[in-house]
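K.L.:
Using the sequences and the hints given, assemble the complete structure.
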Amino acid sequence: MSYTKRNDGRKFDEMRKMEAKLGIIPRADGSAMFKVGDTIAIAAVYGPRELHPKFMQNPERGILRCNYDMTSFSVPERKRPGPSRRSTEISLVTEKALIPVLDLKQFPNAVVDVFIEIIQANSGTRCAGITAASMALAHAGVPMKDLVSAVSVGKVGDKIVIDLDKYEEDYEDGATDIPVAMTGNYDITLLQLDGNVSKDDFLKALELAKKGCSEIDKIQRKTLREFYKGVKNE
Amino acid sequence: MGKILFKEKDLVVPGDVLAEGMDYLPSGGCIREHDKIIANHIGLVSLDNNRFVRVIPLAGKYIPRAGDTVIGEIVDMSFSGWYLNINCPYEASLMVKDVAEFIERDADLAQFYNFGDLVIAKVNKVTRFSNINLTTKGPGLRKITGGKIITIASTKVPRVIGKQGSMVQMLKEKTNCNIVVGQNGIVWIEGKTSDDELMATEAILKIEQESHIDGLTDRMKEFLERKK
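For the record, the sequence lines run as chains A and B. First residue of the first sequence: 1, per this note's numbering; consecutive thereafter. First residue of the second sequence: 1, per this note's numbering; consecutive thereafter.
In short, the hints are calculated from the structure, not lab data. Possibly wrong hints are sitting among the right ones.
Straight-line C-alpha distance at most 30 Å; calculated DSSO-like pairs for lysine-lysine [unchecked claim]:
1. A:LYS105 / B:LYS125
2. A:LYS218 / B:LYS125
3. B:LYS36 / A:LYS218
P.N.:
Shown next as structure tokens:
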């Protein structure tokens with residue numbers, strides 16, 4: 001049986017509704033929220049600040065430390081709070097997705113802390129987290145040469161689709177989920193794949209991811225611009 | 001021939017291409033990637049001499065520079081001096097030899113500046129590896145007693161000070177307060193009555209919030225007249 005129609009009535013290359021906000025956490029140096037469909041991620045950035053414990057310091061450049069976490073109420077079945085194998089992995093890949101655009105050479109021995117909290121989850125949480133974190137870093141004024149946007153693409157049944165939701169991820173005839181993060185220039189900074197997909201399908205999916213990322217990138221830039229709208233140098 | 005893709009004072013976000021070609025040079029807030037100049041901060045574009053492209057950041061931590069007047073809190077002490085938190089990524093050091101007071105050998109340093117004391121100091125020197133040296137030798141540099149401390153974004157400090165200190169001068173006159181604005185965004189206000197201090201606080205927070213709207217000086221003047 002082929003997958004002819006998406007569960008929520010979207011086209012195969014259509015993203016869920018997106019929304020972004022900046023400066024949602026007053027105490028943080030930078031913060032942002034990114035929402036795609038029912039998935040909501042908030043990110044807070046602290047620093048650059050001195051890094052402790054001292055043995056972790058790098059005298060050549062500052063380091064980035066990411067922390068991804070899901071709130072216990074973010075999923076239908078209560079999630080046991082605290083770190084898990086999954087959240088440790090996602091924290092690590094988030095860090096690796098963001099570090100290529102950051103320029104932390106000016107901040108030796110310092111750290112930039114990024115905290116990502118998923119307050120509502122319906123798939124694509126790591127992508128929403130990376131997107132929010134990238135905006136929060138810009139808001140905190142950390143030097144960065146580009147923004148990072150992320151989206152998940154994949155194969156559901158026999159169709160290549162963008163921005164899978166939970167129903168599609170658990171599709172009975174098999175689904176492959178590929179989270180992709182890209183800079184504004186389409187340089188890939190994150191690509192994860194577990195499952196089966198042919199080379200042709202994979203390349204098609206990647207093209208779709210490009211389209212999705214540029215859409216997200218536009219929203220990110222618009223949000224950042226709007227936040228500082230009307231700012232003039234007197 | 002290179003070309004510039006933004007006008008002066010345009011708002012840019014990280015990743016925006018500011019200029020193409022090798023005719024322009026990046027000078028702060030942006031970097032060169034191959035033949036393009038790319039913004040790496042949120043900020044406003046500034047062109048110097050039609051050659052140097054710069055982004056004046058609208059966000060970011062205070063980065064100390066030699067000559068800045070800052071206000072800091074003593075957070076640590078050693079044999080040779082004090083360490084201050086000046087709202088930047090690193091602690092700043094104030095060495096015994098850079099202090100205005102005469103300090104005898106083996107004296108107890110806590111007698112001069114103790115934990116939690118706030119000090120108006122000047123940045124003496126910043127080494128490449130983030131060693132920040134402060135001094136209290138100079139007019140107006142000392143330990144703070146009394147008054148009130150507020151913190152604002154360091155990117156807004158130039159607005160609070162105004163052109164050649166015009167804004168802070170006006171605030172001082174209208175509120176009868178003594179005001180010291182540290183480049184790191186910490187402001188010390190000392191007035192004769194707490195009402196005066198409150199008025200100055202309100203005014204400074206208003207400047208921080210509305211600094212981007214045109215006609216700031218006139219609006220502040222009106223605000224202060226009304227409050228009197």
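K.L.:
Taking the hints in turn, state whether each one holds.
P.N.:
Hint check results:
{"no.": "1", "hint": "A:LYS105 / B:LYS125", "result": "holds (20 Å)"}
{"no.": "2", "hint": "A:LYS218 / B:LYS125", "result": "violated (42 Å)"}
{"no.": "3", "hint": "B:LYS36 / A:LYS218", "result": "holds (20 Å)"}
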